[in-house]
Amino acid sequence: MGELGLVHQLIIPVFGYTITLNLEVIVMTWIVITFLIIFGMSAARKKDIVPQPLQVLGEIFVEQFYKLTEDALDREKARKYGPLVCALFMFLLLSNWLGIIPHLEEPTKDLNTPLSLGLMGFVIAHYAGIKSKGFKNYAKEYFQPIFFMMPLNLIGELAKIISISFRLFGNIMGGSIIILVVSYLSYSVILPPFLNGFFGLFVGTIQAFVFTMLTVVYISVQVK
Amino acid sequence: MGLGAIGAAIGEGYTAAQANLAVSRNPKISGDIFKNMLVGQAVAESASIFALVIAILLLFLDAPGATPLKAAALFGSGLSMGFGAIGSGIGSGFPGGQCCLGISRQPAIGSRLTTNMLIGSAVCQTPAIFSMVVALMLIFMDFSNSPLFPTWAALIGAGMSTGLAAIGSGYGGGLAAGVSCDGIARNPESVANVTTTMLVGQAVAQTPSIFGLLVSFILLFKTFPESQALSASMALLAAGLCTGLGGIGPGIGNGMAAEGAVKWVARNTSRSGDLMRTMLVGQAVSQSTAIYAMVISLVLIFVL
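In order, the protein sequences belong to chains A and B. With this note's numbering, letter number 108 in the first sequence gets 108, and the count goes up by one each step, no holes. With this note's numbering, letter number 2 in the second sequence gets 2, and the count goes up by one each step, no holes.
What the hints contain is simulated information worked out from the structure, not anything from laboratory work. Possibly wrong hints are sitting among the right ones.
In silico lysine-lysine, DSS-like type, Cα no more than 30 Å apart, as pairs [claimed, not checked]:
#1 K80(A) <-> K67(A)
#2 K67(A) <-> K263(B)
#3 K160(A) <-> K222(B)
#4 K160(A) <-> K263(B)
#5 K263(B) <-> K77(A)
#6 K77(A) <-> K160(A)
#7 K77(A) <-> K224(A)
Whenever a hint applies, use it, and build me the whole structure from the sequences.
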């Protein structure tokens, strides 16, 4: 049970500060990125009216998420944010599924990954809000309904980052801890494949989708 | 475990009652309904199975040289899982029941309803999973280097924070999932929109339990300076209680907002974007109480 909460870290001291790198997470993230790049290139390599199987798969992803973005935002904004949304989902999906392969771990199991993605979504949403409404109207919303509600509105916005990233992190890490403990208790007989199927594939897919949808919805709340 | 069983029992009872209603409406497909009821109950039960696992661990764990601190950790772990399973148990009963009713109304789309029910009730389990994570951490982490006062209070507080906050979130998520099964049965074409709205609504309804989890983590991982004063311990205990209790209301309230949105997305699919936005704004406002509770907890932990 000792491996619970063990992280391989590389700590680099730089001018009195320290930079901490979680090696496993970086390696796993790069595995996901490499796989996605290869998938993207091979799906788009031979574009044809009669598509290759990979092209079909790519088209399904792009079309579905483009449509979802268009429903939540409008046509013009969907062209802008659609690729982001689609890429975010594919990255998260693959990250959450990575854990079912032995010796590989989900990058999303480490709080840093969901937190940085959450921050990214937050910055993008507020950038979109300022751009579409102008800074004055954007700032005015914080003083609704009465001016002294400002700090609470601000905390409410910041709490969104916490909630979106901890949701993904809690689910994925919770799943892997439960798999670890139950496998240990049952001596890895019978149960682990089912648990992996449920927590890895099923919960992983749902949480990837929820994270993506929430990012879209945060953008749409800021824009409208 | 006892607490955890309450929720699952209520949830399963609800499913069975709705299944009876469904059978009496459309006796011809009672076999389908019965099958579906069992699947729904099995999912509703998983929260109490989590509680069972924790209870067994607590019973058979040989704690060598059990210190009072470890005892506090184990007690907190039991509290976390017990409370945490209540909401998810009740909540995931709703989709099961509504799904049975839906099948009796629209036998042709049975498989679609079952899929939706499974997704909905799996998401309802998330708060229970959070409480299980906290429970497992409390059981397996090594606290032997921390001073007894006030760490004992932090550990019990950590358990209560996630456990109590999970009640509302689990229940609220169940409301949204239940009404989504109903909506799909009424308007099978709206299935994509209804499921999306349900997922977003449930995710936001879970936010209070995420705040609970955050406070629990802080209480677990922060090292507190030793102090014999009662107020230090009580502040930490109160921090856990505050986020936990404060999360119940917003969890249920957000679930109700999601319930309304999902219901009307099913009836008026073309306006789903507007409905989702209104739902989110409403949820954000009703969530502010959970945020206040979290702020108070953080003040109790870091300032006092």
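Status of the hints after comparison with the structure:
no.: 1; hint: K80(A) <-> K67(A); result: holds (13 Å)
no.: 2; hint: K67(A) <-> K263(B); result: holds (22 Å)
no.: 3; hint: K160(A) <-> K222(B); result: holds (23 Å)
no.: 4; hint: K160(A) <-> K263(B); result: holds (25 Å)
no.: 5; hint: K263(B) <-> K77(A); result: holds (28 Å)
no.: 6; hint: K77(A) <-> K160(A); result: holds (22 Å)
no.: 7; hint: K77(A) <-> K224(A); result: holds (12 Å)
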